[in-house]
Amino acid sequence: MTPMKGLTVFIADLRKCRSHEEEERRVNKELANIRSKFKEPNINGYNRKKYVCKLLYMSLLGYEVNFGHREAVDLINGTKYSEKQMGYLAVSLLMEEDSAYMQTVLSFLRRDLHNGIEWNTCLALSAISNICTREMAETLTSDIVVQLLSPSASMFIKKKAALCLLRLLRKFPESVKAHQWAGRVIPYLGHRDIGVTQSVVSLVTALAQQFPDETRKAASFAVRRLKSLVLDNEYAIDYVYYKVPAPWLQIKLLRLLQYYPAPESPEVRAILLNILRHIIDVSQDTPRELQQMNAQYSILFEAINLGIHLDVDQGLMQECAVVLGRFITSRETNVRYLGLETMAHLAAYIDNLDSIKSHQGVIIQSLRDRDVSVRRRALDLLYSMCDVSSAKVIVSELLRHMAIADVTLREEMALKVAILTEKFATEYSWYVDVMMRLVSLAGDHMGDEVWHRIVQVILGNEELQVYACKISLQTLRAPVCHESAFKVSAYVLGEFGHLIANASDSAPIDQLKALQSKMSSTSQAARAVALTTVGKFINLFPEIKTLCLRVLDRYRGALDAELQQRACEYYALGTLESEDLLPTVFEEMPPFPERQSALMSRLLKRESDTEDQRTWVYGGRDINRERRGLASGAANSKDGSQEGPDSAETPSTPTSAEAEAAKVPESSALPVSAAADIQAVTAKDDAGNAQQPADTMPIDESVAKSRRHYARLLWENDGILYDGDEIQVGIVAQYKPPAGRIGVFLGNKAKAPIYNISMQAISADASKLAVQPATGQESVPETLMPLAQARLFFDASCLQVFTSAPLLRITYTVAGAPTVSELQLPVTVAHFMDPVTISVSDFFTRWKQLGDAGIGESQNVLKSAFLSSDAAALEWLRSVVGGMGFALIHGADPDPNNIVGVGIATTQAGRFGCLLRVEPKPSHGLTRVTVRATNADVAQSVGSNIKMVFESR
Amino acid sequence: MIRFIIVQNRQGKTRLEKWYGTYSEQEKQKLKAEVHRTVASRDQKHQSNFVEFHNHRIVYRRYAGLFFCFCVDTNDNELAYLEAIHLFVEVLDSYHGNVCELDLVFNFYLVYAVLDEMILAGEIQETSRSVILSRLEHISVLE
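Residue numbers (UniProt numbering), protein chains in the order written: chain A, 1 to 953; chain B, 1 to 143.
One chain only, chain B, in its complex shape (with noise of 0.2 Å):
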């Protein structure tokens, strides 16, 4: 299971954070920084993607300036998180056209709803590219 998804930039501003279990602020705020101090600092060419982190792991992926970081259990399957990563930023890149760390800044709200299309409690929904696009394109068009 996801136990939250957490997107940064190489400063360790948080753009994007999901939490799929129940965390206070302040451990929330503690984890995006253990997050950044732990990922930031891996050789991205001779690193795995995956890395400890307290009782779990971390699967994450780097794209330009933007470190996808997905925590999950430690008998989960690291690649399978790892590719949905690469969907997830595919799917918002179609959607934004071109995404770029500022579209996710101003249309924060936007991730959410993409993200409750193809993750759910901590799980994957929906992996379908075309159905994950048309759907959201269907309910952007409702007011």
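One chain only, chain A, in its complex shape (with noise of 0.2 Å):
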């Protein structure tokens, strides 16, 4: 491309600017004059390239730019290659993905894969990597997978369409049916080129994790390709990088292999365990050039991944160790994070942890090394390798250095302590003395769910309950106490202060003392916990209710509402005449139920942040297995409903398990929840509140921005289901469930006639929902004139709970090109909903009941799409909900806000009830949704279809 000199000049100028101001006022110069070039009328193809260019530029400083994607788009249609290139940059920068010309960069895009100009098709296949809408993803993948395949496709081509469909399988993988091709692209492993096999590695690593079974085959191709590379030394000399031969291919291959069980044949095992040691023994020697160094240490690094996962070798393993042993004490700081890195893999599923053990001594040392990464990967190998055997030293010394440890690694550290001390603990009075140290010197910087944690364990075990309290006791009695030592000290004298009540100073008026003492000078949130502690005093210890009532009275009126409530409830409760509620409402509380730790949850959960699943995690033998247990059966269900930034968690993977297990509000442990039984509604909104944070995961915007239409059409029966450049297709649906039917209006865009018509409801399982062209109506003319609109009716009936909606496929010819459009149809069971009014007390027996039974329930919390609560926005959701087909049940909810609403959604095979309840919260900016049925099925689809109009309003 030759270079602009009117972008030269301008960037220049801009450079050239004193101040913020005067470049502002340059842009805006700038903008004005673009605008106005652009409104001429023939501008050429030069000066259109050089000013989308400008306006590049300008967006990439950081300036709004809103105009120029006509051009950008025009720049495309161009022939100029230059000018093509350009216009697929900016679009690639500058324009949204759900944009109106995104269906006319779609056709172009087409074209150019097609074309059979070598350097178009390139440009086309980068551009829609970098782009990437579903739309593309819909329509073009079966042309790149031909790109790829085609024998007469470039080695560029290859190479951009192999990681083009790996982006759009990461993306989309719903939308690309890889298991249509996965098999087809692995013999691609073998292909000459590096270049093309290198790109192809990727795309099948990511295959490999979701059909195990049809790339089964490529495990063998990658140990012969790594063969002549390593051993065969055949490779082009192109590819040598700083005396390595193509580091980046044997690093590919390394770890496709990882996704792989070790070879069955004794032939190819002895191979892979040859490569692997002669990438060892290669690299004893270190090179001096930095390059080749780091070239030959990433493939080492690898190899020795590699190894640990097949665990082929006991000999190989024990050598590894001592190589690695020699890394953590290297002069270079890289090569002592990776060691101790790798090193915690090795932790992870080594039998003898002896060869790890004797460097003990280092790794504690490097708790204090110069670099903040690599103490923290000391931190992981500690972590990783820690067993009951030096738990207490691990420990201890995690203790001592967290008081000196930077403030972005002590939560970490936090969580780790709580987990090793929980998990290796031999004598209760070590779990409460090292965890009550922990919270008293790293209370501020780490998250509730450590103290949570705490009173969670003390809870489930009888024994610890009396040296619990002791502990408690004493450390209100010391000079300082830290806010959350006083959360769990408080919770814990409010459960178990009776157990020691019989003890000196210890007696129930000592206890309240203690509690007083600290009571003034701890945060809100710590006083709500006392409130209730003295609260439950006043059931424990009869004899001293006078003085508990007088401290709750001081409370009645306090400025914090949440204390107000308390204190006054509390009061309440203590004054009342019959004397049965107080001790139901007080009841001891159960121990907690057994399940996945919120302090492992959120450690796995950071980890499995990752576009390739990890193959291990930090944290030693136990949980690795139990994690390969769960893995290799979760291979057999080829699921594939892997999404974009979570795609780590897979469904059976044990990370989406505990990730579920955390968004259970907490109630039983949950020292808040004391208010639960009083007003199960307000108790339950702490607790799941406190989750919200962390637990509202990132949606895909563009996903529900092209959902739009098809939200809308979850709870209104007409609207508009598409709408493109060259046709839009409408929909009046009509449900007498369990049948309906839905009229489907195609109407003509483009501005030339359409032809070759046809439309096609397809269910995805039809002995669930079968979906027919109603009979006695006029077909669908094979020609469309512009302007003009089609129509067809379907007839819908819904035999058995079905989960997927179908599918509407429309074919049509415009300008001699034929297209398909594949539409999913707004049908889904909660579609077929009819209102049901029933009376409020029968709401909630209901509720309770179908609560209990636990067979369906759907709870989401969303983001509110309004702020205030405005009137508006509440009338908006209440026709939503009735538009869904729910009855509204007025006034069942104390909170006037909060919406009821009953349901039945029918079936030929049966009727299910449905109850739904939506709380918002818009002080929060959160709203919600709760919804039960008596079948699993109709609650999800009911929870989801809410969740997506809400996405997308």
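Be aware that one or more of the hints could be misleading.
Unchecked claim - A short list of chain B residues far from chain A (calculated; beta carbon distances all over 10 Å):
{"id": "1", "residue": "Arg10"}
{"id": "2", "residue": "Gln11"}
{"id": "3", "residue": "Lys30"}
{"id": "4", "residue": "Ala40"}
{"id": "5", "residue": "His56"}
{"id": "6", "residue": "Ser94"}
{"id": "7", "residue": "Tyr95"}
{"id": "8", "residue": "Cys100"}
{"id": "9", "residue": "Val105"}
As the list claims (entries may be wrong) - Which stretches of chain B does chain A cover? Using the computed rule of at least three CB atoms under 8 Å from a CB of chain A, they are:
{"id": "10", "region": "59 to 69"}
{"id": "11", "region": "81 to 90"}
{"id": "12", "region": "106 to 119"}
{"id": "13", "region": "122 to 136"}
As the list claims (entries may be wrong) - Think about it this way: if two alpha-carbon atoms lie no more than 30 Å apart in a straight line, the pair counts; the simulated DSSO-like pairs of lysine-lysine are:
{"id": "14", "chain 1": "A", "residue 1": "Lys16", "chain 2": "B", "residue 2": "Lys45"}
{"id": "15", "chain 1": "A", "residue 1": "Lys177", "chain 2": "A", "residue 2": "Lys768"}
{"id": "16", "chain 1": "A", "residue 1": "Lys177", "chain 2": "A", "residue 2": "Lys243"}
{"id": "17", "chain 1": "A", "residue 1": "Lys29", "chain 2": "B", "residue 2": "Lys45"}
Hint data in this document are derived by calculation from the structure and do not stem from the laboratory. Since the model is a prediction, treat every value here as computed from it, not as a measurement. The C-beta atom is built at its ideal place from N, Cα and C for all residues, glycine as well.
Hints are included, so try docking the two chains, each in its own frame, into the full complex.
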């Protein structure tokens, strides 16, 4: 591309600006200039390119550029390479995925993919990878697969096609139908061109995680390829990087093999072992040049990772341990870092930890390394290598470092100490002592889950309780008491204070005094916990009732609403005439049910944020074995429903299960929920809200946007389903559960007639949902003139509860190009819902029954589409619920803003009651939606429909 | 997978940004500022080229006044990306003939083209310097 003089001058001008204001003036001037230039009727390609490029520059500087999109699209339509290139760059940098121009871009992309000019095809492939919209995934995937597999396509096309498919697969796994082509890609692992193989390995690695069966052969291809590179020295000289042959390809292949079990054939095993041994041997001498050393070590570390994964040979592992032992004392910081990291991987699998433990001193020293990154790896390693015999030493070292550790590291350190202590405690006193010290030391740097967990553990272990009470009392009496320690102590005494009431200095009155002495100096949240304890004391120790009431009385006028509410309620309970209520409300908490600790989920969630799944996690053998067992089970289910950023959380890997567990409000353990029995609603809110910040997952905005039309049709019967450049599709639906009639209106928006129209509705499972064109209607005309409309009615019949919406396939030809559009029809089981009116009391009885039965519940905490509690928003919410076929039960909920609704879903096989509760919290910008139904899929369907409506508002 | 690539000077001015995931404009601004804070403050001599960044890691390398930062997954091979940075710089160097910060400023649109030949969809595509350079040569004569 020849340089553009006007651009160079403009950039130089901007660089000369002395102040931001001056720059802004120059930018505004240029924007005005470009606007007027774009209005000129016959602007030439060169100028268009130049001005678009200037717009890009300004946008990269952070200025808002909201025009020039059409010109960018025009550039793509040009014939010159440089203009096309600029056009695609501008589209990828300036345009949103839901831009109105995307349809046009899509048609140009399709044209460039096929027009036979190699560099245009390459540009299109790069552009698809960079822009990547759902429609591209849906309509272009098969064309790209053809390019990858075509014998006539150049190496450049193949490389780009492979990675383009990878991008589409990762972003829209459900749209690319990868199972259809996954197997055909595998042989390209043996392609003679290293560049092509390199790109294909990345694609295959992603496929291997989703389709282990279809890609089984990949492992032997990878071994062969490695052998030729490492042992046979067969490679093109162009790919030698500082004397190392194709390091990136070697690494990618070694990584791919980590997604497969060890090869069964003894010969292949032997070859693989040879390869690994060779890599380890070669790296024994350290090259002088930095690049060569890095390249060599990058392969070595990956080879060790594979060795650990395969667990092929104990001798080799011991050798690795020795090499790693040398690395962690290296003078190169990078090498120390990677040595510690890889040793943590080794610790995750090796049976005998002795070879690692012999380095314990060095590793503990590394907690003081100059580089915080190294310190972090040392922490991970200590966490992974810890076992019963070393727990006390490691935990006490970590506690010692806590005080001097970086602020950024403290939270993680605290989490890890808490987990280790719980896991390896052999004496109760040790657990309580360590944890109390931990909250005192690191309380400011850790989330509530640590102190919640302590309470959970104490609740679950009777033997701990007496000792915990003693320590709690001591903690409260110490001169300084950290807030979290105060909360634990207050909670523990409130539950179990009676166990030590007979010991000296521990009488009820002493306990209350100790609590009161610190109460005034703590935060509102801590005081709220303490008030609950005082409330419980009334129940536990009737002899100090008057004193307790006096404390509560003082807080009845507290400014803080939470404190005031608690004080008033507990005071009222304490002064009630009836004596039955108090003991019921303050009954001892049941032991906390065993499930994945929230601490663990938190750690794992952070780790699992990777595009390719992790093959191991920090934390030693137990957790990795458990994980592996689950993963191998998961390998059989080819669900493939991975989603964008969370792809590591495949449905059956433990991480998702843990995330689920973490989502369940920990109501039984949360101290605040002492009020749970009094007022289920508010207490659950407490627990729910506490969970929200961590658990609201980022939603893929583009998906929500492109589905806005669809979402609207989830609660309205008529509307537009699709609005493109060529066609528009409208829906008019009528339901008489279990039947429904769906009218599809197809409008021609193109400037030319559309030919060969056909419309077809395809049910995902015809035994559950039947969709057929209604009988006795005119068939769709073959040709549709511009602005004309055709319509077709479908009869839907819900036979059983179904989970996926049917597809609407529209095929037509416009301007000679045959086109297929596949749209999801807004027909879900939730559409077959009729309103049912029941009384308020019946509602809560049913609500509770359904909750207890636990058949089907879907709970989502959604970002409210509105920020303040304006009446219009609430009205909208009501019409959504009503539109979805629920009867609104007025006055059922203490909070007038909350909406409760009742409906019944009717299928031919049976009817399913469905209760819904929507609790908007505009002040938090959140709304909680809970659905309970007599069928899990019905609850899910309603829940996810509402979620989508929210996300698309 | 590479989440994003950011090249900044010591003052934190971004000279190249390439995002391989979906980020809003706001997030991008925030991340760029955070990358600068995280990387520029590190001791070049005694500290590694890797640093934790949210749930990911940054692999970075400084060339004269420019920091080349790749944000990658925690299970990625750090050294492989560290050398990918070097390869990228070598390619830029040969392409521009002794590259400097201003080349990246004035030819920002070409840098994207170079990047697209070497890295695509957040994965390394081509690693032969001569293949990349001859390809760039080839397309630069097209009009």
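Structure-inconsistent hints, enumerated in ascending order: Numbers 5, 9, 10, 14, 16, 17, in rising order.
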